[in-house]
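Student: Here's the letter readout for the chains.
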Amino acid sequence: MTQLDDMRRAIREADPQLSRFDPLPRIICLDDFDRGMCGYTQLVGNYEITLDQMLPGYAQHTHAMLSTLPNWDFGSHGGVDGSYALKLATRPKRGAQNVTLKRLTFRKAGPIRMECYFTFKPEATELQLMETDVRSFGFLYDLQVGDQFGTGGERVMPHLRFLNARDGKHLQKWQFKRKTTEIKPIGDVGKTISHYHLADSDWEDLPGGEQKLCYNEIPTKINWHYLRFDFDLSTMQATGFQVNDRQFDMAGFDCIRIPAMKNLWCMLNLCFFAETDTDKRTFAYLDSVCLSGDF
Amino acid sequence: MLPENLTAIIARNETWTGASATEPYEGGWAKEAIVFVRALKPPKGKLPKARIEISGDGMHWVPEGSSFDLPAATDAVTFQRVAHFGNFLRVATDLPEGVEITLLVTLHLKA
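Taken in order, these protein sequences are the chains called A and B.
Note that my numbering numbers the first sequence so that position 127 is 127, with each residue one more than the last.
Note that my numbering numbers the second sequence so that position 7 is 1007, with each residue one more than the last.
For the record, the hints were derived by calculation from the structure and aren't laboratory data.
Yeah, the Cβ is synthetic: ideal placement off N, Cα and C, and Gly gets one too.
Check each hint, because a few of them may be wrong.
To be verified - Using C-beta positions, here's what the derived DEER-type ranges look like:
#, chain 1, residue 1, chain 2, residue 2, range
1, A, E13, B, K1031, 34 to 40 Å
2, A, S76, B, I1034, 24 to 30 Å
3, A, V189, B, T1007, 26 to 32 Å
4, B, I1009, A, K262, 23 to 29 Å
5, B, D1069, A, S83, 34 to 40 Å
Please take these sequences and the hints and turn them into a complete structure.
Tutor: What follows is the structure, encoded as structure tokens:
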């Protein structure tokens, strides 16, 4: 630790907004949804000439919203330290997914760290706990090397999801995936392709990734969880993953890797997603997200 | 700080028949909203009016009182202004048998 590191840490720990994060030296963005949408938008699928060409997985996506986590029985829940959180809602159909994302590029291929406070729950349409209605909550990066990388450059998509439940079974484990669906051309001009990398197939259990997360006794109550994911853009490898008090071994983790595309150099997209396992809406919430890098 | 202002696409290329509505959208932070509806394909049959509905919980809905035309031709646009709507908003309509519209519904919220 240098004197600069000590000073930086002291300043950050004295700041209540930053004190609950452990960012790398440079903060790329600190998204607190009490300040609005902070650049998180809807993941729209690719199309050409007509929207009918959009893959069904993307066509179902809707816009995230600013939410006070309002509940019919006790009112607004609020966030960790303010009124609003970013809310992502699926449609009320088994297997429905929704995604919100922020689109950036990186200025140095080095270590980056994503931290967030998240929670999820089903829409409280019944007076039951419904702890197995949410199938999953997860996140991913969509990354690509810079244009000077040379041969062998890749587009790399690390995915992690918390598989909460399936078919009424409360599974509660982290999973990753290294396969995407078939890459399909969109339209006939030859400029656009699409692949639905969030499909509910090809997920693999993260070794040692079972985790019992706190959930409450009725479907309107939530508790916030801390998550941290470390990734090195120079090696395109995950280097750390922590949720609440658990740190997971990432030796068995890998990403979706496909050849670099002609238009995505230095891409740094951060996506969050939710998926329902029953015909009820699943809600995923982000109180805040801190993305930092070592540069 | 400028007041929050958001464009949310709440239905994109959805084909509506029968009782139809957009997904619930939370906008309690906003004082006003405009909904635009654009037809993406030629509608079929005689279109009824659409209505704005509001909800305290996103599950139980009541008509807000505003009703407006649905767009009658491809790329035609209709809209409705709304204010003092509490929290959840949606656009709903009941299309009779044989009536169909494929639409883009956009919600524009302002604090």
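Student: Determine for every hint whether it applies to the structure shown.
Tutor: Structure-based check of all given hints:
Checked against the given bound of 34 to 40 Å, the beta carbons of A:E13 and B:K1031, roughly 38 Å apart, stay inside it. Separation of A:S76 from B:I1034 is about 25 Å and conforms to the stated range, judged on CB atoms against 24 to 30 Å. Taking the beta carbon of each, A:V189 and B:T1007 are about 27 Å apart, inside 26 to 32 Å as hinted. Taken as a hint, the range 23 to 29 Å holds for the pair B:I1009 and A:K262, whose Cβ atoms sit roughly 28 Å apart.
Judged by the Cβ atoms, the range 34 to 40 Å given for B:D1069 and A:S83 holds: they are separated by roughly 36 Å.
In terms of the numbered hints stated before, the structure departs from none.
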